[in-house]
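Undergrad: Protein chains in written order, with my numbering: chain A, 1 to 114; chain B, 1 to 115.
Among the clues, some could well be false.
[Unchecked claim] Distance windows between CB atoms, simulated:
1) B:T113 to A:D53: 19 to 29 Å
2) B:H100 to A:G60: 16 to 26 Å
3) A:S7 to B:A80: 31 to 41 Å
4) A:G60 to B:G28: 39 to 49 Å
5) A:F39 to B:G98: 23 to 33 Å
6) B:V115 to A:G17: 38 to 48 Å
7) A:K58 to B:V115: 44 to 54 Å
8) A:Q3 to B:G40: 16 to 26 Å
9) A:G16 to B:D62: 48 to 58 Å
No lab work stands behind these hints: they were computed from the structure.
Even glycine gets a Cβ: it sits at the ideal position worked out from N, Cα and C.
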Amino acid sequence: QQQVKQSPQSLIVQKGGISIINCAYENTAFDYFPWYQQFPGKGPALLIAIRPDVSEKKEGRFTISFNKSAKQFSLHIMDSQPGDSATYFCAALDRGSTLGRLYFGRGTQLTVWP
Amino acid sequence: DAGVTQSPTHLIKTRGQQVTLRCSPISGHKSVSWYQQVLGQGPQFIFQYYEKEERGRGNFPDRFSARQFPNYSSELNVNALLLGDSALYLCASRTEQGRHRAEAFFGQGTRLTVV
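Same shape as in the complex, but just chain B (with noise of 0.2 Å):
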């Protein structure tokens, strides 16, 4: 089985630029959420998406986006790109159901630079 795939895997960006990442989730999974890790840091909630339903963002500016499609594939979109959003970005998928409702598996990453 596939697991969370996340595209692209590298990307770098100036500044004052847009930037879409991808993710599909485990299949059979409808929950996604997002991270962002900073080098030497743990991963800081940005979003999580059920159903094609925002359930929530963390403290990110509005300059973070995202949304879920009726694949449950997901996008997150930053727009106005600075030096500080450089970062790993991690998608996590849920299945949301049954004892393991709550395993949270991750993708391999995008990492953005923007210069």
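Chain A extracted, bound-state conformation (with noise of 0.2 Å):
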């Protein structure tokens, strides 16, 4: 079962516009919710994070929105460019658990046109 869902599967945006990718989670033991961005033939480099007690986290022109009730989060991309194309993961971690296990998004293959 997948613990978390991510969609959509991809994405074309024009250089310019926002980027919008969105998770969805069951259990209610996560605590933790980061954002991967990986380049072809790369490992996954996080990007930013949110814990639940906020509702937004914003970084430069990323930013998360995050929904407890609807156990939702999205990452919103501002001024997407050529350079952000890449696939992003959404993960989530029970940072009460000691196993540290992250469970990752099927992801979401982002290709920005110029």
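Join these two chains into a complex; the hints should help.
TA: Okay, here's the thing in structure tokens:
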């Protein structure tokens, strides 16, 4: 069973536009939600993360919106650039568990056209 | 500062062979996790080690094993390789301390191809 569901599977955005990727989870024990960016042939790079005690976190052009009651969170990339073209993964973690296991979504392949 | 380093970067093995992948965590990080990423999918958890002890494993067969050394580096071993083991194997390290204890940093991965 997929613990974290991610959509869309692929996304095409024009340069300067807003890219939005959505994720949903069921396990209410999750209390840490990172986003990773992965370029072909590379490992995932931590982009931004949020804890459920806040509804939004912004770092530069990247913003996470978090809706605890709906158990959903999303990544917004403002002023999208061709260099943002990559695969994005949302993930979830139960910080109270000693296991430290990240549950990943299936990924969203973002293409930003110049 | 060096990030998470993995070796080798690429590997081709024949079915039935055994493989060992290596990982050095970020300096000061005591936790190492291994993930398998099949093409087009998100990483799947294989193992986590903390202070040289296995904390848990994901839904992988006993052909997969790992260990962590006193310097916190780690090895992942896979025996009796199958074609389906072809994937990118990722190592992640975490500090497990302080306000940044949840942040996991990944290496570039080892691309394993089984033929």
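Undergrad: Now tell me if each hint is right for this structure.
TA: Here is what the structure says about each hint:
The hinted range of 19 to 29 Å is not satisfied by T113 (chain B) and D53 (chain A), whose Cβ atoms lie roughly 44 Å apart. In this structure, H100 (chain B) and G60 (chain A) meet the distance hint of 16 to 26 Å, their C-beta atoms being roughly 19 Å apart. Taken as a hint, the range 31 to 41 Å holds for the pair S7 (chain A) and A80 (chain B), whose Cβ atoms sit roughly 37 Å apart. As the Cβ distance of G60 (chain A) to G28 (chain B) is approximately 26 Å, the hint placing it in 39 to 49 Å is violated.
Between F39 (chain A) and G98 (chain B) the Cβ separation comes to about 29 Å, which falls inside the hinted range of 23 to 33 Å. At roughly 42 Å, the beta-carbon separation of V115 (chain B) and G17 (chain A) lies within the given 38 to 48 Å, and the hint holds. At roughly 46 Å, the beta-carbon separation of K58 (chain A) and V115 (chain B) lies within the given 44 to 54 Å, and the hint holds. For Q3 (chain A) and G40 (chain B), the hinted distance range of 16 to 26 Å is satisfied, since their beta carbons lie about 18 Å from each other.
Distance hint for G16 (chain A) and D62 (chain B): a CB-CB separation of about 52 Å, consistent with the stated range 48 to 58 Å.
The structure is inconsistent with the numbered hints 1 and 4, although it conforms to all the rest.
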